[in-house]
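**Student:** Letter by letter, the chains look like this.
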Amino acid sequence: MSEKIKILYLDDELNNLIGFKASLRLDYIIYTAQNSTEALAYLDKNPDIRVIFCDQRMPEKTGVEFFEEIRSIHPHPIRILLTAYTDIESVIDAINRGNIFRYVKKPWLEEDIISAIEESNKFYLANSMLSIKNEELRKAYTELDKFAYSVSHDIRGPLVGISGGIDLALHSHDIGEIKEILGMMEKSVSKLDTFILSMHDYYSLERGELKITAINFHEVVKETEAIFAIYAKSSKIDFTINVNQNEAFWNDVVSINLIINNLLTNAFKYQRKDVSNKKVTLDVNVFRGSATILVGDNGAGIDKKYIDEIFNLFFRASVQESGSGLGLFNVKSALLKLNGTIDVNSVLDEGTTFTVVIPHK
Amino acid sequence: MKLSFIIIDDRELDCYIAEKFIQKTELSIGNKIFYDAFSGLNFIKQTTGKGPVTVILLDIMMPVMDGYQFVEEFEKLSEEIKNNYRIIAITTSLNKNELIEISTYQSVIGVLKKPYTFDALLNVIQTIPEDLGQ
Chain A
2 MSEKIKILYL DDELNNLIGF KASLRLDYII YTAQNSTEAL AYLDKNPDIR
52 VIFCDQRMPE KTGVEFFEEI RSIHPHPIRI LLTAYTDIES VIDAINRGNI
102 FRYVKKPWLE EDIISAIEES NKFYLANSML SIKNEELRKA YTELDKFAYS
152 VSHDIRGPLV GISGGIDLAL HSHDIGEIKE ILGMMEKSVS KLDTFILSMH
202 DYYSLERGEL KITAINFHEV VKETEAIFAI YAKSSKIDFT INVNQNEAFW
252 NDVVSINLII NNLLTNAFKY QRKDVSNKKV TLDVNVFRGS ATILVGDNGA
302 GIDKKYIDEI FNLFFRASVQ ESGSGLGLFN VKSALLKLNG TIDVNSVLDE
352 GTTFTVVIPH K
Chain B
199 MKLSFIIIDD RELDCYIAEK FIQKTELSIG NKIFYDAFSG LNFIKQTTGK
249 GPVTVILLDI MMPVMDGYQF VEEFEKLSEE IKNNYRIIAI TTSLNKNELI
299 EISTYQSVIG VLKKPYTFDA LLNVIQTIPE DLGQ
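As they're listed, the protein sequences go chains A and B.
Per our numbering, the first sequence starts with residue 2, numbered consecutively.
Per our numbering, the second sequence starts with residue 199, numbered consecutively.
Just so you know, not all the hints are guaranteed correct.
Pair ranges (Cβ atoms, derived) [what the hints assert, rightly or not]:
| hint | chain 1 | residue 1 | chain 2 | residue 2 | range |
| --- | --- | --- | --- | --- | --- |
| 1 | B | E271 | A | I133 | 40 to 48 Å |
| 2 | A | E137 | B | Q244 | 26 to 34 Å |
| 3 | A | D168 | B | L297 | 18 to 26 Å |
| 4 | B | I279 | A | S129 | 35 to 43 Å |
| 5 | A | D146 | B | Q244 | 33 to 41 Å |
| 6 | B | E271 | A | D146 | 19 to 27 Å |
| 7 | A | S191 | B | Q267 | 45 to 53 Å |
| 8 | B | F236 | A | N47 | 46 to 54 Å |
| 9 | B | A318 | A | K237 | 41 to 49 Å |
Simulated from the structure, these hints should not be mistaken for laboratory data.
Positions of the beta carbon are idealized from the N, C-alpha and C atoms, including for glycine.
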């Protein structure tokens with residue numbers, strides 16, 4: 002165990018607190034409190050306290066009463082009652098009302114306390130693991146629901162369009178018309194392909210492992226430039242790249258490429274049609290172990306009311322057909338894995354700038 | 199019977215197919231295409247409710263404003279405007295509840311599942327009474 006377990010001990014007798022702390026402080030982080038107000042303050046400040054020891058006989062309230070009270074506010078710490086009086090009634094009470102995990106007799110032996118702590122800790126870990134797993138499951142189900150919904154629009158949609166197109170072309174005798182249909186079918190096919198590729202990204206981000214290597218951003222942007230240069234030229238968009246890296250940077254190059262490419266794709270895609278000085282910028286700065294990536298454009302911008310939703314799975318803030326609703330979601334998932342952050346600054350009809358900060362791995 | 203048509207669908211190919219089918223009916227005196235529901239709705243808001251009856255071919259699944267939201271907004275328009283339009287909902291959805299839900303709106307005269315055939319479209323159009331589009 003790399004981190005010391007945090008323990009709270011509540012007892013009205015100062016000598017007990019001192020003795021407890023003296024014998025256990027090397028192995029655990031001990032908080033001691035002489036009354037319940039003090040104890041509550043520690044719990045509020047340290048939500049990661051794992052075990053609470055409490056004396057049964059105290060002047061203001063009993064240990065059972067204290068446990069009964071905090072159960073609903075602080076349900077996670079494991080409760081252990083210390084008492085010299087072991088009549089059956091108070092044991093029943095402690096279990097039923099205080100919902101305690103262990104019962105330790107006073108005067109206590111150090112081995113008893115340590116074994117109680119270790120057992121409590123195991124129980125605590127199992128419980129919290131369960132709630133983490135539950136949370137993950139809940140998230141997985143929500144995403145599955147969204148997937149099922151999107152399958153009909155993003156996968157079945159282009160397919161039924163194509164089959165409609167085939168039907169139309171089969172009944173047409175006009176070669177010009179048939180070619181026109183084929184052209185549109187080709188677009189649908191490549192749209193479907195793009196969607197499936199970004200689903201693949203989604204899957205590898207969710208399940209894949211990071212491969213940490215030294216990253217030279219000058220090399221990374223060379224590839225990026227090659228991907229976007231043709232498009233930039235044909236759509237008359239001024240594309241400038243700036244890299245400032247004078248130190249080594251270790252990270253997962255696949256994730257970084259995914260982040261840059263998705264942000265750039267959006268920057269190029271959501272341009273304003275009627276603007277003459279279209280531009281997209283990519284700036285990378287590596288400084289003191291973290292990389293800051295800025296992707297900016299003077300394009301369509303994002304409506305304020307959608308800004309909080311743009312990173313959600315299958316959310317699309319634009320009516321343009323080409324969005325899959327996966328791009329920014331994948332960016333966010335990648336950043337979550339890299340402990341990075343992303344900020345967006347956007348004004349409708351003026352442009353958007355995404356700022357990504359990724360720490361060194 | 200002469201009709202006017204509005205196609206609202208975010209997919210170019212689907213709009214193209216719909217347009218070809220409409221031509222084939224030989225009933226159309228003009229069609230408009232909108233690639234998003236919002237523009238379509240704005241156009242309809244500005245019409246007076248006079249002229250030939252207009253059939254709206256409405257895709258249900260579209261980003262930003264979907265077909266349901268479109269119909270909700272459409273139902274709020276004046277009776278005068280609404281009387282001039284008939285909506286045919288078009289969907290890729292396999293969910294029966296969704297199909298039933300959209301057909302409960304008064305202005306929706308039919309639901310078609312993509313890919314639909316020319317005959318299926320014609321059948322729905324023919325439910326519009328002859329004496330209307332005069």
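**Student:** Taking the hints in turn, state whether each one holds.
**Tutor:** How the hints compare with the structure:
1. B:E271 x A:I133: 40 to 48 Å: holds, 43 Å
2. A:E137 x B:Q244: 26 to 34 Å: violated, 50 Å
3. A:D168 x B:L297: 18 to 26 Å: At 22 Å between Cβs, range holds.
4. B:I279 x A:S129: 35 to 43 Å: 59 Å Cβ-Cβ, so the 35 to 43 Å window is violated.
5. A:D146 x B:Q244: 33 to 41 Å: 38 Å Cβ-Cβ, so the 33 to 41 Å window holds.
6. B:E271 x A:D146: 19 to 27 Å: For A:D146 against B:E271, whose Cβ atoms are near 26 Å apart, the range 19 to 27 Å holds.
7. A:S191 x B:Q267: 45 to 53 Å: violated, 29 Å
8. B:F236 x A:N47: 46 to 54 Å: At 51 Å between Cβs, range holds.
9. B:A318 x A:K237: 41 to 49 Å: Taking Cβ atoms as reference, B:A318 and A:K237 lie about 44 Å apart, which means the hint holds.
Against the hints set out earlier in the document, violations occur for numbers 2, 4 and 7.
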